[in-house]
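Start from chain W and add chain U according to the hints.
Read top to bottom, the protein sequences are chains W and U.
The opening residue of the first sequence carries number 1 in the UniProt record's numbering; numbering runs sequentially from there.
The opening residue of the second sequence carries number 1 in the UniProt record's numbering; numbering runs sequentially from there.
Source of the hints: derived by calculation from the structure; they are not laboratory data.
Among the clues, some could well be false.
Here's a subset of chain U near chain W, in silico, CB distances under 7 Å, partners left out [to be verified]:
hint, residue
1, 20
2, 23
3, 65
4, 68
5, 69
6, 88
7, 92
8, 111
9, 112
Below, computed lysine-lysine pairings styled on BS3-like, alpha-carbon distance capped at 30 Å [unchecked claim]:
hint, chain 1, residue 1, chain 2, residue 2
10, U, 76, W, 128
11, U, 28, W, 128
12, W, 128, U, 97
13, U, 76, W, 126
14, W, 125, U, 25
Cβ atoms here follow ideal geometry from the backbone N, Cα and C, with glycine treated the same way.
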Amino acid sequence: MAAEQADAAEKDITSQQQAEFIQRMKDEETLDVNFDTVAGLRSPENPRFLVEIIDTFLAHSATVVARLESEINQPIPYYGDAVRDLFQLKGSSSSMGGGRVAAACLELRRACDDSNKPRCLECLKKVKDEYQTLRDALNEISRMEMIILDQNVPTPSSSSAVVN
Amino acid sequence: MYQNGSTETTPFRVLVVDDDRILRKMHKMMLTRLGIEVEVAVNGKEAVDLHLAGASFHLVLMDLQMPVMDGSQATKELRGMGVTSPIVGVTAACAEKAAFLASGLTDCVSKPLTISKIANYLPAPSNHTNN
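Next up, chain W with everything else stripped away, as it sits in the complex (with noise of 0.2 Å):
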């Protein structure tokens, strides 16, 4: 009964854990209010799907990271490929909460739009400090969340969440 006791516990302690480490993440502007309606589609039916989100959304933004980095780094950058590249970035980081990525982005985009190289390589490591900020607070959420699920305890119900 002790043991269980303590299980039971510990399993409070994760749900809260990842409860508060959202909110420190949201006090320092790493993840925005957007990033409530993410974890808000949780549901009995789809468990997982926020670590499938997250999962998806890293694959595929580290590749455009990527992309984006050859784009402006080439002798003459290709600035319509990197412009290109920041819409979806843009688009899929404000999606789940990134405010600060997709403010990068715009910042990237302009440069871009001023075929100034100098200011885009400066705008590009502000992306990509950005989306390394935004990569860590999300695999942290990602790896709580499994664990949570894996002990088969209630995610957050989605009326704790802030949908828009």
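Same frame as chain W, but now just chain U:
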């Protein structure tokens, strides 16, 4: 299920057109949870081809920047085919919003998409347990 005003309850069908797989997945889930039937297309040409094949939708959510055929061109073609369903643009490209609207959109909303942004184009649910 959504009531369409008749005595028969038919599924409300939405077409999500976006080349970004994350956004297709998210938008589909948002709508599916409300009992809405969702089909996806990965670019404007697929959306047009679906309609040419006889598909019809109560609402089309159209991204702007897509390969093969973008949202503006797809919207023009759908209107040219006589499609009268609401077509709502969903775009992160704020600067191109006016041109996108001029292609025949009913409305244009900014990404990220939320249900509240398109609530006017969704019928009231037949029950009130949806969020």
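Structure-based check of each hint:
1. 20: 5 Å, holds
2. 23: Result: holds, 6 Å to nearest chain W Cβ.
3. 65: Since the shortest Cβ distance to chain W is 4 Å, the answer is holds.
4. 68: The hint is violated - residue 68(U) has no Cβ within 7 Å of chain W, the shortest such distance being about 13 Å.
5. 69: With a closest approach of 14 Å, the residue 69(U) hint is violated.
6. 88: 15 Å, violated
7. 92: Result: holds, 4 Å to nearest chain W Cβ.
8. 111: 5 Å, holds
9. 112: Since the shortest Cβ distance to chain W is 4 Å, the answer is holds.
10. 76(U) with 128(W): 37 Å, violated
11. 28(U) with 128(W): 29 Å, holds
12. 128(W) with 97(U): 27 Å, holds
13. 76(U) with 126(W): The given pair, whose Cα atoms are some 37 Å apart, is violated under the 30 Å limit.
14. 125(W) with 25(U): 29 Å, holds
Checked against the numbered hints given earlier, this structure breaks hints 4, 5, 6, 10 and 13; the rest are met.
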